[in-house]
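Chain residues, written in single-letter form:
Protein chains: 2
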Amino acid sequence: MKHITVLGTGVLGSQIAYQTAYRGYDVTAYDVSDQALEAARERFAKLAATYRAEVDGAADGAADAAIGRLALTADLADAVADADLVIEAVPEQLELKREVYTKLGALAPSRTIFATNSSTLLPSDLVEFTGRPANFLALHFANQIWVHNTAEIMGTPATDPAVTRAVVEFAESIGMVPIELKKEKSGYVLNSLLVPLLNAAGDLLVEGIAEPEAVDAVWRIGTGAPMGPFQIFDVVGLTTAYHISAAGGPQQQAFAKLLKERYLDQGKLGVATGEGFYSYR
Amino acid sequence: MKHITVLGTGVLGSQIAYQTAYRGYDVTAYDVSDQALEAARERFAKLAATYRAEVDGAADGAADAAIGRLALTADLADAVADADLVIEAVPEQLELKREVYTKLGALAPSRTIFATNSSTLLPSDLVEFTGRPANFLALHFANQIWVHNTAEIMGTPATDPAVTRAVVEFAESIGMVPIELKKEKSGYVLNSLLVPLLNAAGDLLVEGIAEPEAVDAVWRIGTGAPMGPFQIFDVVGLTTAYHISAAGGPQQQAFAKLLKERYLDQGKLGVATGEGFYSYR
Chain Z
2 MKHITVLGTG VLGSQIAYQT AYRGYDVTAY DVSDQALEAA RERFAKLAAT YRAEVDGAAD
62 GAADAAIGRL ALTADLADAV ADADLVIEAV PEQLELKREV YTKLGALAPS RTIFATNSST
122 LLPSDLVEFT GRPANFLALH FANQIWVHNT AEIMGTPATD PAVTRAVVEF AESIGMVPIE
182 LKKEKSGYVL NSLLVPLLNA AGDLLVEGIA EPEAVDAVWR IGTGAPMGPF QIFDVVGLTT
242 AYHISAAGGP QQQAFAKLLK ERYLDQGKLG VATGEGFYSY R
Chain S
2 MKHITVLGTG VLGSQIAYQT AYRGYDVTAY DVSDQALEAA RERFAKLAAT YRAEVDGAAD
62 GAADAAIGRL ALTADLADAV ADADLVIEAV PEQLELKREV YTKLGALAPS RTIFATNSST
122 LLPSDLVEFT GRPANFLALH FANQIWVHNT AEIMGTPATD PAVTRAVVEF AESIGMVPIE
182 LKKEKSGYVL NSLLVPLLNA AGDLLVEGIA EPEAVDAVWR IGTGAPMGPF QIFDVVGLTT
242 AYHISAAGGP QQQAFAKLLK ERYLDQGKLG VATGEGFYSY R
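These protein sequence lines are chains Z and S, in that order. Numbered per the working numbering, the first sequence spans residues 2 to 282. Numbered per the working numbering, the second sequence spans residues 2 to 282.
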């Protein structure tokens, strides 16, 4: 694989594109408008600054060299004409993604592998729109890709095992730890583990068993983890936690109600707003 | 509180007694026979060696001084005659604990506070046998008390709040982080969080989604935790994991079956036997 195209330059898309370029690939970053591309340029510049500060070896010109390997375009046909791998990181809306794959299937060479970074959809939800079931799978990155360097790889039953292997190798080549899922699983591995832990923490609060500080202290001390579940909630953002909980069973809905009344309605949305379960001011 | 008595000198009981003595209290350690007390002496000597090696400041005579503050006895009446606090850490059998509290209630002064270290029982299961509902609660320590220094404190509706406060202060005075539970909860905070995480990991294995190494890597990288769930299973011990899973729902029972067939039947019981999900040889 030589030419990598990333569709969508939001939080995750820009990190994927930048990390891939940082590891030496020529990367085309696509977004829908010149305005979106201008925002992308700012994101890339910020990422370069972050890498210079946080990533070993990035300060010696490597962070800047990555910028030079990034081409930005709002022309989808141009973006994918010569792509070996297209990583799709457009907003998490099923209809939008289906439209994108329908266009993409017509524009990209048949050899091009498509990989979705979707967090909430399964590749099976999208495969029929790609025009290349054997060349399609999910390649899922975590936020702060330079720290949390997992790449969860999950095919459909139609994915060619050779394509899966090629994507595993690509993920390794950009510094990721590839995590191969043998079957499709909503939430991949990370959220399959994290959601039950966070639900259990929410239950303790709803039931009035213990306060967030106490719950987090037990988890940190008992397991050696750097953050307890309520600290994780604050990082994820309480709005996201609310939407996920509101869609759950009765216990989760009770937690959603608590979140809304005690936090969202007071503008306490987590780290991003300076206050959630904890104050960050 | 000046005189502390610990009933039971098994893994946890000996750690509680030693840590309490290490922090300057006179501690009486009770067990049922001279043979059990001989084993306790060995445990205390090993703990002193561990503290010298692992606890800051313990090497300068402090670890040995703790031994000097520990009195051992197989006479229950003597053990509790002058106790301000009795911490009960006898085996996790309901009938045995009820017998112990019935004897204890008759032997100890009425001012003496009783605290159970039980992991699996609620204080409400025991309170009626203590003869002192207001002076009884749970005080639950974690294994490797010198590292995992939480003390979960959980009363019944009859516990006097002043007694809870006194036990919180005692826990702090022996170097614990006191975690106050406002209501009774089976599994306290730690296991209320840990069990759902471990169940979710078991589900991923049962469903054939991903291998233990992959699951653990995602968890470590994604959350910064030092160990993934299958590493935790190996530390807890696969026999314990089997018994807990076998008593659960259909998914947990499927995991228990997998544990038995792939691990227990091969003598792979976790870290203690040198092999479990991982090899430690």
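One or more of the hints may lead you astray.
Identical chains share a label here; the pair holds if one copy fits it or two copies do between them.
[Said to hold, decoys possible] Simulated pairs of lysine-lysine, DSS-like, Cα-Cα distance not exceeding 30 Å:
(1) K47 / K183
(2) K261 / K47
(3) K186 / K258
(4) K183 / K269
(5) K186 / K47
(6) K269 / K184
(7) K184 / K258
(8) K183 / K261
Everything labelled a hint here was simulated from the structure, so no lab data went into it.
Hint by hint, here is what the structure shows:
1. With identical chains, the CA atoms of K47 and K183 are never at most 30 Å apart, being 36 Å at best within one copy and 45 Å at best between copies.
2. In this homomeric assembly, K261 and K47 never come within 30 Å of each other (Cα to Cα): the closest approach is 33 Å inside a single copy and 51 Å across copies.
3. In this assembly of identical chains, K186 and K258 lie within 30 Å of each other by CA distance both inside one copy and across copies; the values are 28 Å within and 22 Å between.
4. For the identical chains of this complex, K183 and K269 are inter-copy neighbours only, at 25 Å across copies versus 39 Å inside a copy, given an alpha-carbon limit of 30 Å.
5. Taking the shortest Cα distances, K186 and K47 never come within 30 Å of each other, neither inside one copy (33 Å) nor across copies (47 Å).
6. Taking the closest pair of Cα atoms, K269 and K184 come within 30 Å of each other only across two copies (27 Å); inside a single copy the shortest separation is 38 Å, beyond that limit.
7. Taking the closest pair of Cα atoms, K184 and K258 come within 30 Å of each other only across two copies (21 Å); inside a single copy the shortest separation is 34 Å, beyond that limit.
8. In this assembly of identical chains, the alpha carbons of K183 and K261 lie at most 30 Å apart only when taken from different copies (23 Å versus 37 Å within one copy).
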